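Number of protein chains: 6
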Amino acid sequence: MTTRDSDEQIAQNLKHGSVATLTHWLNTRGYRNAFIGGLLSVNPGIRMAGPARTIRFVPARPDLAEMWPDRETNPHRKCVEHIGAGEVLVVDAGGNAEGGVFGDIMTARLRGRNAAGLVVDGSLRDIWQIRQIDLAVYAKHTNAAAIQRAVVAVEMDGIITCGGVAVRPGDWIAGDPDGVVVIPAVHVAEAAAYAAEHEDLEIFLREQVLAGASLADAYPPNDTIKALYTAQTGRPAH
Amino acid sequence: MTTRDSDEQIAQNLKHGSVATLTHWLNTRGYRNAFIGGLLSVNPGIRMAGPARTIRFVPARPDLAEMWPDRETNPHRKCVEHIGAGEVLVVDAGGNAEGGVFGDIMTARLRGRNAAGLVVDGSLRDIWQIRQIDLAVYAKHTNAAAIQRAVVAVEMDGIITCGGVAVRPGDWIAGDPDGVVVIPAVHVAEAAAYAAEHEDLEIFLREQVLAGASLADAYPPNDTIKALYTAQTGRPAH
Amino acid sequence: MTTRDSDEQIAQNLKHGSVATLTHWLNTRGYRNAFIGGLLSVNPGIRMAGPARTIRFVPARPDLAEMWPDRETNPHRKCVEHIGAGEVLVVDAGGNAEGGVFGDIMTARLRGRNAAGLVVDGSLRDIWQIRQIDLAVYAKHTNAAAIQRAVVAVEMDGIITCGGVAVRPGDWIAGDPDGVVVIPAVHVAEAAAYAAEHEDLEIFLREQVLAGASLADAYPPNDTIKALYTAQTGRPAH
Amino acid sequence: MTTRDSDEQIAQNLKHGSVATLTHWLNTRGYRNAFIGGLLSVNPGIRMAGPARTIRFVPARPDLAEMWPDRETNPHRKCVEHIGAGEVLVVDAGGNAEGGVFGDIMTARLRGRNAAGLVVDGSLRDIWQIRQIDLAVYAKHTNAAAIQRAVVAVEMDGIITCGGVAVRPGDWIAGDPDGVVVIPAVHVAEAAAYAAEHEDLEIFLREQVLAGASLADAYPPNDTIKALYTAQTGRPAH
Amino acid sequence: MTTRDSDEQIAQNLKHGSVATLTHWLNTRGYRNAFIGGLLSVNPGIRMAGPARTIRFVPARPDLAEMWPDRETNPHRKCVEHIGAGEVLVVDAGGNAEGGVFGDIMTARLRGRNAAGLVVDGSLRDIWQIRQIDLAVYAKHTNAAAIQRAVVAVEMDGIITCGGVAVRPGDWIAGDPDGVVVIPAVHVAEAAAYAAEHEDLEIFLREQVLAGASLADAYPPNDTIKALYTAQTGRPAH
Amino acid sequence: MTTRDSDEQIAQNLKHGSVATLTHWLNTRGYRNAFIGGLLSVNPGIRMAGPARTIRFVPARPDLAEMWPDRETNPHRKCVEHIGAGEVLVVDAGGNAEGGVFGDIMTARLRGRNAAGLVVDGSLRDIWQIRQIDLAVYAKHTNAAAIQRAVVAVEMDGIITCGGVAVRPGDWIAGDPDGVVVIPAVHVAEAAAYAAEHEDLEIFLREQVLAGASLADAYPPNDTIKALYTAQTGRPAH
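Chains as they are written, first to last, in this note's numbering: chain A, 1 to 238; chain B, 239 to 476; chain C, 477 to 714; chain D, 715 to 952; chain E, 953 to 1190; chain F, 1191 to 1428.
What the hints contain is simulated information worked out from the structure, not anything from laboratory work. Because the structure is a prediction, the values reported are computed rather than measured. Please note that a few of the clues may not be correct.
Once the Cα atoms are required to be at most 16 Å apart in a straight line, the calculated EDC-like pairs of lysine to aspartate or glutamate come out as [stated by the list, open to error]:
hint, chain 1, residue 1, chain 2, residue 2
1, A, K78, C, D693
2, D, K792, F, D1407
3, F, K1268, E, D1169
Just so you have them, the derived chain E footprint on chain B, three or more residues with Cβ under 8 Å [what the hints assert, rightly or not]:
hint, stretch
4, 266–274
5, 290–299
6, 389–401
Far from chain C, by Cβ distances over 10 Å, these chain B residues were calculated [to be verified]:
hint, residue
7, H254
8, W306
9, T311
10, N352
11, P407
12, T468
13, Q470
14, P474
For each residue, glycine too, the CB sits at the ideal point set by N, CA and C.
Model the full structure from these sequences, guided by the hints.
In structure tokens, the structure reads:
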């Protein structure tokens, strides 16, 4: 199996599992602060999973705005043009609510390059047009003002903070309606496999409980319910 | 008429009336602080009404986590297993945003026991799975982290605070898209009957106003409009 | 062309353009603080544009409540009864979250008088009934409590603050899912024409980018893409 | 006794009484929302009492900045130049934290005109120089930026909101280290007399309690302690 | 040594050590959430240490206000009258900012009964008079309004939340200018002894560093500096 | 004049001028966002001025904590050990309120190396010991918990955000009781000279106004007052 195949399997497992299970798994490994909450999910129907690329913005000031007179070297445009297929762009804009860091065309370009998602600790503009782009997009705020008055890009592919969580380039990022979770690359294959398998069990147990099973019997499952799960799925319940 | 019948009538009236009318009615009786706002309504299509059961959580600490080594005496699980049909579980988690107090399986068990709803002054996890459960659910936040790092249950069936409002076990709780209102049991029959009847008048008046009636004529209604209402419904307008 | 025709053309252009483009245009004219964010859009499918009428509320106190014993002179009711067709009512309630400044019947009356919209820096009640009224409505909060315990109207048609932005009567107000923008009357015809035309170009560029064009080619557009736009639309790309 | 004498007596009583007692007295008359909290007291050693003059600011925008090209008609400067001896200037800047509404020279001019105080629902600059001016000054924030980027004056001597409390010109304003209270003019003589007299009793009771009296005996005082108070002061305890 | 002697030694050690050292020590034992921050220290010159008594308030409502018609059974008054010498009263008022839970006379009574301190997750009134009482007092807010409109006592000597930290009756509470720390009784003797001894070393190391020692040499101390400390104090440096 | 002399002159001018004047001067050059507000000034009697060194922290996570196993290469310790005499350390901890980034010994080492100050967008611990160190120190919060649970250093001498303001290494930083201002190096000599000179005029004008001069005469000064200033100081008033 090639690495690319493996990445596809990881992404598939992350999308099948839930952010809640992944966050809990990470907590048991000492990663207590891996979940980014309080985000608007712009396109909640699209599940997101992929390795992180990062970019960091700081509050706008005139001399920083002039650091990259050539458009193509500006980190903001560069990070979009260099995103790889299947990658998630994670944006540290310090939670800025004063101007949209990404609008519809920059977001469309991420889609054009087959990125897997966009997570912005800051604001979006053109939210209604972004709703029409087939990309998982999360952000803290909506602000129709253009970026110039708010923040300026200073660095791509560095360690950043996003929504109170540290993100390293190469971390895996998964998103569902609960929010977004950050998974160190060294742990992602195991976490993803666990989450995907655990999800099937959760769905099974939820059905049992909706049908009348008590918590004492089903959560965690007793031997009877475990056996039932194995009988149905051919897999152990753990 | 048995008490049980009466409770069904009350619940039906509360669901037909609006939280806005109930909140206003309570204010005229001196209950100035009865509305819980700022809540996410997870399943907004489902109206909620029922008597309150309560549970209180405090921030997590190791010795409190060990107070109930036996799962079945843990108040968190116990309150779910002892909820009665038609009751609403009201959760004081102090507005905690650090971990989900209820996930999909605990919520499913409330549905399995025919509870009428769940109101959490704290966080939910598995929000997307909870959307698929046929239960009225309200909460302050979403956080995919598990409860262990956030809060621990200390007491069930006590007086609590939920979203800045005092709740006594046995209070009636009603919810609609505006939010949730807390109604002392001694007042609920009268409040519910008023709200249900007032709703019909409100609908009628809104139609009059949309059709061109002025506030001076319709809000409150003049004699002509009152007569029209009575003619249509056979009931007085008050 | 009559002024009325012109106003219709402005409103049509504002609805075709985006709040993001209008906000950016105003920023280039020195209006750095024209966007009202953080609003709930109650009826997001309805675009809003029209000249502002204003009303200002202050926190409730007994003697102010008695200033207008006659209902018809109360500025709250008066501003609703005197709204003109196509106007937007902008409400300064100081961001109050303690009681609903507008409920369903007052809102229905705005619709009955053919107003173009309602923007409330404060709370709404009866939100679910307001969802059924064919009017663009924006607000900061939802609170089912009646207005009496929260705020009282003191002045109509004055200069106000709404969501951190100054609003003068006669300013034009436009709203889309990003939020609301305030446009001085002297600039509105030019801003609206620009925004409407720019929107067509934006849609065209977004399609180019989704189809694979790079930012270097399409944002801003190079001569090839400009020529393509002109060929398709018969209009210059600027 | 002339009115002026009476105003001096009121101010003296307000300064001798406490803001806590005045706030409680007003609450018993239905004024539930009279206390302005969360204020920085710049010169906490100076007690403040006097009738209110008001001024209202809105967020800055270019056309409003040009409304008063002549400095002397600008409401900001005008309200300072027209303040009367013994009056308190109450400023509605909407809680703005972006720029200082009052700096040291404008504040010095209030002192030069023998004003009784300054209460700003917004920001001060030059706070260290203001500490050297012999005037009671309260504000929400400190921000060294000049006012131009933040807010602009639009109206003096109107009804305003300050710190979530309505203020009418002519209301009396009192301040101590707890914060500031707003007293309608019609009630101020009675409230002030009560507060001044009650303060003496409070001091007496506090001493009793510090010396060992129980709450049951001293709060409220029993007949023995009441008699002791009367014996010491020649006044009844009520 | 009697228990009472031991409690005095613990209190003395806690007052000599720092809240920072105690918080760090607890963290190493798994108590990650023991520090209560964001508090106003009313009398910062007084160090606080003692076992906790607790009381819990919920938001005011008319029927709860009538639960204890007899003043002496009201938990608010009762907890003050039953505080023991050397104990700290810890108040869960849910962070309420709407009315003062403790004023000068209730606080004076705590002093009269030789309590060791008062910590209020809510508001104080009469702050300037409380400054004159010889008692360590911490609170979240100042609000001159009386308690009646804000909160009502429901339970004494239960487990509570204070400033986001769980507190059990009998926990030890220590306070210094950094804030307040909550120490489970089972750990307090060891924590206090460590903190007191560590403080002496910290003072010594700080002096070394101010005199020019590098972090590499002094923090943690190398053998030379350790020896110097031992030479001066006769105690090991650890 | 050597560069070193020049730096001393700049620092002296910055300390004589006010942060308010510097902030206003920068605004006229297009630096609209140069003031860092909302800071606790730990040692308000000490004026601060010097060129910035920077360090950036992100939220703690286990793998980042292990990036610098050797203490001396850890950026946190390294930035302290490499601070130059007269420099100000500016810390981007993302406003973290969960643990103290600097305590007394690290702060003492800055003093030991003759740094000019410390500005922390995060928390301090050991605040009472820091009050005894002769160094200008500003921070957002106080939290007695140790840094390990809160943040981890990732980079020194990069561009950072501090309190919503961008800071480049080499910017000059000035602080007074209003707060802290960030001045690009290219502008600092001119800004400092202006602020120092303007301060003398401000003091003179304030005295005039306290003595009874009107705003029309003194703010800005008329020819008479200008002449008086020049007569007293031998310098022009501008």
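Each hint tested on the structure:
Between the alpha carbons of A:K78 and C:D693 the distance comes to roughly 14 Å, so the proposed pair stays at or under 16 Å and holds. Distance check on the hinted pair: D:K792 and F:D1407 sit about 14 Å apart at the alpha-carbon level, within 16 Å; holds. Restraint check for F:K1268 and E:D1169: satisfied, since their Cα atoms lie roughly 14 Å apart, inside the 16 Å limit. Remark: the stretch 266–274 of chain B is confirmed as covered by chain E, as 5 of its residues place a Cβ nearer than 8 Å to a Cβ of that chain, reaching the required three.
Interface restraint, the stretch 290–299 of chain B with chain E: holds (4 residues with C-beta to C-beta distance below 8 Å; minimum three). With 7 residues having a Cβ less than 8 Å from any Cβ of chain E, the stretch 389–401 of chain B passes the three-residue criterion, so the hint holds. Against chain C, the non-interface label of B:H254 holds: every CB pair exceeds 10 Å, the least being about 13 Å. Non-interface status of B:W306 relative to chain C is upheld: no Cβ of that chain comes within 10 Å, the nearest being about 37 Å off.
For B:T311, the non-interface assignment is confirmed: its Cβ lies about 38 Å from the closest Cβ of chain C, beyond the 10 Å cut-off. At roughly 25 Å, the least C-beta separation between B:N352 and chain C is larger than 10 Å, which holds for a residue marked as non-interface. B:P407, annotated as away from the interface, keeps every beta carbon of chain C farther than 10 Å; the closest lies near 23 Å. Listed as outside the interface, B:T468 is consistent with that label: its C-beta sits roughly 19 Å from the nearest C-beta of chain C, beyond the 10 Å cut-off.
At the 10 Å boundary, the C-beta of B:Q470 stays outside the reach of chain C, the nearest C-beta of that chain being 18 Å off. No beta-carbon of chain C comes within 10 Å of the beta-carbon of B:P474; the shortest separation is about 19 Å.
Every hint from the earlier list agrees with this structure, and none is contradicted.
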